[in-house]
Amino acid sequence: MRLNDNEILPILLTELYKNSLVQLEDEELAKQAEIISAPALKFLGENKKGILIIVNDEHAPFLTENAFTLLLNILTACKLNMGDVAVVNKVNLNESVTQIIRQLGSRTVLLFGIDANAVNLPINFPHYQVQKHGNITYLTSNDFETLEADKQQKGKLWLCLKKIFDL
Numbered sequence: 001m002r003l004n005d006n007e008i009l010p011i012l013l014t015e016l017y018k019n020s021l022v023q024l025e026d027e028e029l030a031k032q033a034e035i036i037s038a039p040a041l042k043f044l045g046e047n048k049k050g051i052l053i054i055v056n057d058e059h060a061p062f063l064t065e066n067a068f069t070l071l072l073n074i075l076t077a078c079k080l081n082m083g084d085v086a087v088v089n090k091v092n093l094n095e096s097v098t099q100i101i102r103q104l105g106s107r108t109v110l111l112f113g114i115d116a117n118a119v120n121l122p123i124n125f126p127h128y129q130v131q132k133h134g135n136i137t138y139l140t141s142n143d144f145e146t147l148e149a150d151k152q153q154k155g156k157l158w159l160c161l162k163k164i165f166d167l
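Each residue of the sequence shown is one higher than the one before, counting from 1 in my numbering.
If you are wondering where the hints come from, they were derived from the structure by calculation, not from laboratory data. It is possible that part of the hints are untrue.
[As the list claims (entries may be wrong)] Simulated crosslink set (BS3-like; lysine-lysine; CA at most 25 Å straight-line): (1) Lys48 - Lys132; (2) Lys162 - Lys132; (3) Lys79 - Lys48.
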């Protein structure tokens with residue numbers, strides 16, 4: 001009788017392998033549980049250039065159609081596209097903005113329709129003032145609806161964007 005011809009009964013297998021074949025330490029299991037339970041942050045774009053755009057729009061998951069069109073025009077003028085940025089709607093956030101900045105590895109943060117102190121940034125500054133803090137460049141602006149209606153506000157935004165993106 002050859003060794004390969006022996007058949008092991010299923011009941012014997014369960015008795016032999018009561019524990020898993022590879023036993024993980026409790027710490028490893030806890031880390032895996034954290035990774036599994038952490039919900040993925042939902043954003044538009046691919047975040048290839050570490051540019052985080054935070055909007056505040058209660059009427060859409062991310063942006064309304066008009067706001068999205070304006071954003072695309074702004075990105076095109078800055079020689080960017082949706083692949084370069086991550087767009088997040090503040091209305092849908094469970095985490096703090098600083099956690100999201102850290103999670104996405106953002107180097108530039110643009111806030112539309114949001115004041116700096118409304119999201120507990122480490123610094124406070126007015127709209128249309130490029131502000132550096134650490135390795136991150138911040139800019140706050142009016143919301144897209146206001147920008148679309150007010151050319152003066154749009155001009156202020158453009159001056160800041162030219163400075164940020166060396167245009």
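Tested hints:
A C-alpha spacing of about 20 Å is found between Lys48 and Lys132, which places the hinted pair at or below 25 Å, so the restraint holds. Of the supplied pair hints, the one linking Lys162 and Lys132 holds, its CA atoms being roughly 15 Å apart against a limit of 25 Å. The suggested pairing of Lys79 with Lys48 holds, with an alpha-carbon distance near 14 Å, which does not exceed 25 Å.
When each numbered hint is compared with the structure, no violation occurs for any of them.
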